[in-house]
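The hints should help you fit chain V onto chain X, whose structure is shown.
There are 2 protein chains.
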Amino acid sequence: MRQAFGRLPAARPPLQDAARFTGGGAALAMTTDAFVVKPLVFPGGDIGKLAICGTVNDLCAAGAHPRWLSVAVVIEEGLDLDLLAAIADSLAATAEAAGVEVIAGDTKVVERGAADGLYLVTSGVGELRDDARPRSDRVEPGDVVLVSGPVGDHGVAVLAARHGLPLDPPPRSDCAPLHEVAHAALDAGGMSVKCLRDPTRGGLAATLNEIAGDSAVRLRLDEARVPVREETRGVCELLGLDPLAVANEGKFAAVVSPDSADAVLEAMRASPLGEGACAIGEAIGSGPGTVTLRTSFGTERLLPMPSGELLPRIC
Amino acid sequence: MRQAFGRLPAARPPLQDAARFTGGGAALAMTTDAFVVKPLVFPGGDIGKLAICGTVNDLCAAGAHPRWLSVAVVIEEGLDLDLLAAIADSLAATAEAAGVEVIAGDTKVVERGAADGLYLVTSGVGELRDDARPRSDRVEPGDVVLVSGPVGDHGVAVLAARHGLPLDPPPRSDCAPLHEVAHAALDAGGMSVKCLRDPTRGGLAATLNEIAGDSAVRLRLDEARVPVREETRGVCELLGLDPLAVANEGKFAAVVSPDSADAVLEAMRASPLGEGACAIGEAIGSGPGTVTLRTSFGTERLLPMPSGELLPRIC
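Chains as they are written, first to last, in our numbering: chain X, 89 to 403; chain V, 89 to 403.
Pulled out of the complex, with its shape left as it was, chain X reads as follows (with noise of 0.2 Å):
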């Protein structure tokens, strides 16, 4: 994730979801996640996934191959332990699914009524593609914003259990790990994906509205081309929430060059966790860093960074 803890320096390069480094001459990438999620275990997913996924997904989203994990487990004192083993094992069989390896582990255990049953932080080395280079910064007028299938899936997941929806059956979480997926558009367009990113906390308003920023240009959605199940679009209008705005753990957002964008497509398309790609709009010109929506009455409205009470506690 992009949040940093204490000062940055003043002029900085824009934050990616993973770091790059050159370790002993070899490329690689570094991320960090901590995982407080509540409900630990929800439709399609469980605290263990998400935490492999999240991190697998930031590697990815930087253009590295994910390759070795750590965890570090903090467990409320009287966490039941069959629900402990049912979560190490489903970030165990995460983990090989994803083709990453868990190499180190820390466990803490603290007092009753502290760290809400359990909270995980993974944190993930990837070895950098030296022929892809997505970056947050390099999107240009005229690229392609591409998404790999329906939104908000994973944060109303999670808050339809949290608030015990009579729902029949529940929504399911994206939950997933997206190598497969990321390398296959990145196998397709190479240098032309200019940005990727997996849309967590905030959902597709926050990463886009970040991407704007950074590349300083004015992206514009078709808000009919934005893909959202019939279910989730029924739980948001339920709980009053923008699906745009809602946390993703299994999709992401790719900018591509014009030139480029039908292969890309076609590749995330043939790749099972892509199925529902499609294009969503387009970078219009420089700017200010804003991102705009065309809806489907015709006009243009902004969609904002969300911030506060639209940020609820979902990974």
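It cannot be assumed that every hint is accurate.
Heads up, the list lumps identical chains together, so a pair's fine if it works in one copy or across two of them.
[Said to hold, decoys possible] Below, computed lysine to aspartate or glutamate pairings styled on DMTMM-like, alpha-carbon distance capped at 25 Å:
1) K126 x D256
2) K126 x E165
3) K126 x E199
4) K126 x E228
Please keep in mind that the hints were generated in silico from the structure rather than gathered at the bench.
Everything numeric in this text was worked out from a predicted model, so none of it was measured.
For chain V alone, kept in the frame of chain X given last:
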């Protein structure tokens, strides 16, 4: 730290303070640690300084030069912002002193009552030396046990602060990054440094029991030669603790072949953080992995692995 989460393969090499891996052809090490210390600030340090030192020292113990760190922060809503800023500054200053870069971060805020104010999780990647290979399973009979200075200071400082013991001056934690003194020892001893460990939770007793078990040797210490500050010994008596089982955050234990012990000791003593280094015992034979203590009365007793109440939250 060595504690692992989830299933481990039945036959596995002993866990080390950091995991070794080869990334893009480079020999690297990775480690992670969760910090949940109470109180957040104590004489000699705070949770920010501790988080950097713990990760730096684990990488050194694996024979790596610590280089890149990530920091994840879980903040309790309502945490005093000046305190948070002071901890972030301390973290940044310690990272600078240790010569490491914090390249990735994440921040999560949880509800009031959770997270005891603040938890920190640091992960780190270092570059492995090719001229040294300290591991817990390389110790052989005849090897000499060294310690870089007096033990027990960190645990005692934290416990005295937590319990508000009216001591003047209050005991100070030894919390410090050990990169200089650890690599001075490795420069001097190379492959003869069989094992290097920072004895954190469970102190020297836990660390030496792990080494004895992993190497299947018997380690014997001379109680009179184990350095313990008078003030630390006093607080331990007051609280009913064994200073050998109390945590350190600025010391390491090394096990070195006998022909190199003097040179390694001399190198350690030449470094400001190793001035109090001394030889405290030896590996006296193969065996089931026990540690014994020759007391000042001439008797010999088992130094057991600490457990339960002896492992308070000091990091």
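Intra- versus inter-subunit Cα pairing at 25 Å for K126 with E165: both (17 Å within a copy, 16 Å between copies)
Alpha-carbon proximity context of K126 and E199, limit 25 Å: both (18 Å within a copy, 11 Å between copies)
Alpha-carbon proximity between K126 and E228, which holds within one copy, between copies, both or neither at 25 Å: neither (39 Å within a copy, 49 Å between copies)
Alpha-carbon proximity between K126 and D256, which holds within one copy, between copies, both or neither at 25 Å: Intra 20 Å, inter 44 Å, cutoff 25 Å: intra-copy only.
Of the hints listed earlier, the one the structure fails to meet is number 4.
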